[in-house]
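Build out the structure end to end from the sequences listed, making use of the hints.
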Amino acid sequence: MLQIENLHAEIDGKEILKGLSLEVNAGEIHAIMGPNGAGKSTLGYVLGGRPGYEVTAGSITFNGEDLLEKEPHERAAAGVFLGFQYPVEIPGVSNVQFLRESLNAQRAQRGEKPLSGAEFLKLARAQADALGLQHDMLKRPVNVGFSGGEKKRNEMVQMGIIDPAFAILDETDSGLDIDALRIVGDGINRIMRRPDKAVLLITHYQRLLDYVQPDRVHVLADGRITRSGGPELALQLEREGYVGVGAEVAA
Amino acid sequence: MTLDLPSNREEAWRWADIGGIAAAAVLAPIARPDASFLDLPGAKLLFVDGVLDDAASDLHRVRVGDLTPGTHALGKRATKGWSLHLDEQAVAHPVQVVHIATGGDNHVAAEIVLAADTSAQVVETFVGAGWSNRNTRITLGKAARLMRAVRMTQGGGFVSIRDEAELGEGASLVATTLAAGDQGVRIDAAITLAGEGGYAEYGGALLTRDRLKQECAVRVRHAEPNGQSHQLWRAVAADQSQASLAAAVEVARHAQKTDGEQSLRGLLLHRTATVNLKPELEIFADDVKCAHGATVGELDARALFYMESRGIPAPRAKALLTEAFVADALDRIADETVREAFAADADAWLESAL
Amino acid sequence: MATKNAEAHAAVAKKYEWGFATEIEQDFAPKGLSEDTVRYISAKKNEPEWMLDWRLKAFRLWQTLEAPDWAKLNVPPIDYQDAYYYAEPKQKKTIASLDELDPEIRRTYEKLGIPIAEQEVLAGVEGARKVAVDAVFDSVSVATTFRAELKAAGVIFLSISEAIREYPDLVRKWLGKVVPQRDNYFATLNSAVFSDGTFVYVPKGVRCPMELSTYFRINAENTGQFERTLIVADEGAYVSYLEGCTAPMRDENQLHAAVVELVAMDDAEIKYSTVQNWYPGDENGVGGIYNFVTKRALCQGRNSKVSWTQVETGSAITWKYPSCVLAGDGSVGEFYSVAVTNNRQQADTGTKMIHLGKNTKSTIVSKGISAGRSDNTYRGLVRVAPTAENVRNFTQCDSLLLSDQCGAHTVPYIEVKNPSAQIEHEATTSKISDDQLFYAMSRGLDAEAAVALIVNGFAREVLQQLPMEFAVEAQKLLGISLEGSVG
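Sequence lines, in order, name chains A, B and C. The first sequence begins at 1 in full-length UniProt numbering and counts up by one. The second sequence begins at 1 in full-length UniProt numbering and counts up by one. The third sequence begins at 1 in full-length UniProt numbering and counts up by one.
Just so you know, these hints were derived from the structure itself, not from any lab.
Calculated lysine to aspartate or glutamate pairs in the DMTMM-like style (CA-CA distance at most 20 Å, straight line):
1) C:K352 / B:E11
2) C:K358 / B:E298
3) A:K151 / A:D177
4) B:K289 / A:E89
5) B:K318 / B:E298
6) B:K257 / A:D12
7) A:K113 / A:D163
8) A:K70 / C:D434
Going by beta-carbon spacing under 8 Å, a handful of chain C positions derived as facing chain B:
9) P386
10) D404
11) A408
12) H425
13) K431
Positions of the beta carbon are idealized from the N, C-alpha and C atoms, including for glycine.
Structure, rendered in structure tokens:
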């Protein structure tokens with residue numbers, strides 16, 4: 001589904017990703033772990049197409065198409081969902097309006113019919129219920145006045161509504177207490193664990209992986225994948241730290 | 001006497017008391033009042049009706065002589081005065097200037113030029129009666145710092161000051177003016193942040209009573225990126241007086257990342273008084289943080305009652321709350337001796353006005 | 001005596017009619033502005049003598065005035081002699097079908113979601129008028145039921161020319177009372193040469209049964225160059241009036257100088273909403289309307305209320321300050337404004353809230369959005385008179401900048417002469433953050449849709465003041481006005 005080959009990327013002239021390669025197949029959940037500053041969030045932003053992140057070499061292919069050629073909204077329409085580490089506040093725009101416009105813009109790009117207000121509300125409420133988000137939160141402006149945990153839950157509600165083929169979830173576990181973590185974890189499994197979907201979990205800790213069992217675990221250090229393995233690698237990281245598995249940042 | 005000043009129809013002179021200036025300029029002579037310097041080291045200059053009193057002055061680095069008049073309607077009248085030039089690495093003691101007016105009009109120019117990395121402090125005091133008019137030109141080199149405090153405590157007449165300042169890269173100007181006497185006031189200033197990362201604080205407090213009119217008309221221009229400016233003004237108006245605060249921030253086309261703030265607050269002590277506010281933003285750059293707040297009102301009745309119920313007499317309670325209102329502006333004065341002297345002037349004014 | 005005057009007037013009018021015989025056939029007054037022009041207009045409209053005298057007084061006053069010196073606006077000199085001041089509503093150039101329409105305009109109609117039939121009317125498609133009006137508004141029948149319903153309620157709603165003839169006492173009582181002839185240069189000019197406009201009177205205790213708006217989009221095409229509107233809401237009456245049109249309005253008259261006067265008596269409420277989308281000129285600022293409008297409300301009665309809501313997206317230059325004189329104790333004034341400027345547009349708009357009565361309240365919410373090389377200024381005044389006890393005002397002015405070549409300015413005046421007043425004013429300036437844009441785009445919106453969404457959020461407080469169906473169009477309009485403003 002996703003092939004990343006020898007990816008080099010920089011911000012303000014500073015190289016962050018230095019030849020990263022990764023392949024994710026449909027039906028798989030991959031976890032990217034690594035120390036702070038290794039380039040984990042950069043990988044998420046490059047996949048999402050955030051301006052200011054310049055790809056200097058390498059390629060990203062998604063379902064056979066060149067992802068780097070696409071604008072951020074075209075990537076969304078192609079089925080890529082980026083769950084933000086720090087979801088952005090948009091004053092005056094309600095969650096409902098934001099998501100309905102987003103979803104219908106994606107549907108239009110795929111040549112599908114837009115959802116009516118009623119159809120959309122039904123869908124949004126169901127997803128909110130599944131993630132324990134109060135309905136009135138849907139009417140509130142996007143992320144404005146939300147706690148850290150509510151913002152993350154809201155990201156998952158968005159993912160449920162948009163129902164993407166591929167999700168990159170950047171530190172979705174940060175700021176969540178143990179109950180919220182379980183709810184979010186269940187949400188990821190429910191929405192994304194399908195034979196035709198895949199997930200890239202970007203995380204610093206093992207704890208989310210207790211709820212969302214990864215098929216593959218990769219260690220990202222100094223802009224490259226330095227080790228890959230099965231779920232046991234995450235446990236080893238938890239026990240021995242990044243230095244123990246040879247993932248220290250090169251001086 | 002014709003003064004050749006702009007009329008109130010001109011936007012920048014909308015709330016100016018032209019008549020008050022004219023009346024002050026022809027005030028009959030009075031006996032020379034006492035005036036003393038604050039207990040600070042450094043230069044001490046005493047001007048009586050615009051003329052230096054040599055015997056009572058101690059110039060240090062300050063020079064006295066002719067200065068080029070500018071073109072400003074007020075400033076151009078002053079052709080003689082004092083100047084302070086600091087070369088790089090120079091260390092300066094504070095400069096105190098006391099202006100005594102004994103009727104009629106007097107005009108003094110000043111020039112403060114600070115080279116890179118130098119700093120200076122200037123404190124000015126106005127006493128007496130008549131029209132005292134000052135024109136001060138300030139040039140701050142890279143990372144130079146000037147702290148300026150001006151108090152206007154004349155018993156009558158009018159004090160007008162025109163300040164023109166140009167701040168170099170990373171330079172800092174902190175100016176505080178207190179008008180707490182029984183004179184009309186116009187504080188007219190054009191501050192330009194001409195270098196990157198300049199910092200300007202220009203504010204103060206106007207306390208007016210009787211039929212006096214006091215105003216500030218200040219314009220801070222951000223010409224380069226990353227500058228910061230704060231204009232914090234407080235106005236208290238009693239009796240039939242009028243206090244007007246016009247503060248403008250201008251951000252030039254490429255002066256990105258500017259942080260410009262204005263806080264203008266007015267307090268009316270009597271129903272016959274007037275407060276006018278005009279916080280103006282003129283912005284030509286898109287990545288800036290510019291905000292202003294302005295309020296007018298009276299003292300918080302609940303706070304007054306609370307204090308009275310604890311045994312504080314009403315006038316004292318009012319004075320305390322008003323002092324607190326004014327203190328915001330005077331707290332910007334860094335030197336403790338100066339700040340306390342200014343606060344004492346403000347308190348004395350409030351005690352007698354309330 | 002009166003009869004004599006009337007006769008004299010008729011004779012004069014007649015003389016001018018004859019004098020302009022050839023022009024009458026063409027139905028417009030000769031170019032230029034003189035007393036003859038004023039007399040011609042008055043005569044064409046069969047106005048009573050007092051009306052002609054009123055116009056002439058204004059004209060003579062206007063001759064003594066000088067054109068204003070603009071604060072933040074850059075206005076090229078206007079040649080008042082090089083214009084026509086009266087023309088019968090011209091037959092629109094007709095086209096055979098919408099396919100012949102300028103594709104730009106067609107695209108805008110579609111984006112606004114205006115029904116095809118209504119598009120045809122707006123575009124002047126031959127033969128479409130009747131059918132379309134029937135289809136959209138059920139034309140004559142709706143107009144008839146509409147008029148009948150209003151009449152049953154006692155609401156007077158007609159053109160100001162008709163009102164001058166049919167309700168002279170009412171018109172004479174209030175015309176020029178809120179905006180005096182000498183108020184400003186353009187108000188004086190309007191008083192002399194106003195062509196037509198609207199008169200509304202809502203009698204005591206009547207709640208106008210409908211928004212005076214639905215009918216208006218069709219009527220709007222006849223909007224004149226010098227409109228005059230007078231709305232009087234008597235004790236306890238309520239009326240909501242909607243002016244303008246979201247569809248792009250092209251007009252050959254470059255100068256528009258309307259005057260709107262509102263009067264609210266005890267417990268009356270007037271809600272006046274405007275959507276202004278006159279031709280703004282091209283990207284280089286060529287062409288475009290100068291829109292110099294004087295709008296003022298007199299809250300004469302106790303507990304009366306006037307609410308102005310405006311969405312200003314059009315015109316090359318906009319100069320308007322819908323204001324409230326809060327004379328009645330407990331009266332309330334509101335001003336909600338969204339002004340969008342793009343390319344080379346200039347907008348200088350805001351409000352005046354003049355607090356005279358006790359316990360009067362005002363709220364000002366202004367949202368300025370600047371893009372391209374445009375300039376957008378909020379200019380406002382809050383004045384509290386010594387007599388006005390317990391006044392409350394809250395003002396919020398926010399500016400959003402979408403380019404580094406535009407300007408956003410805030411010039412509020414606050415003048416308070418009563419200590420019991422509580423006046424609060426806040427202003428902010430911001431831009432759309434890259435984070436917001438990327439977040440919205442990563443959810444599937446393209447750059448323009450993302451900007452439109454964020455701008456609508458920014459303007460939300462104002463848009464929600466508009467009547468429902470209009471708010472939806474206004475939202476789309478904001479997006480359309482900003483097209484091409486994102487790099």
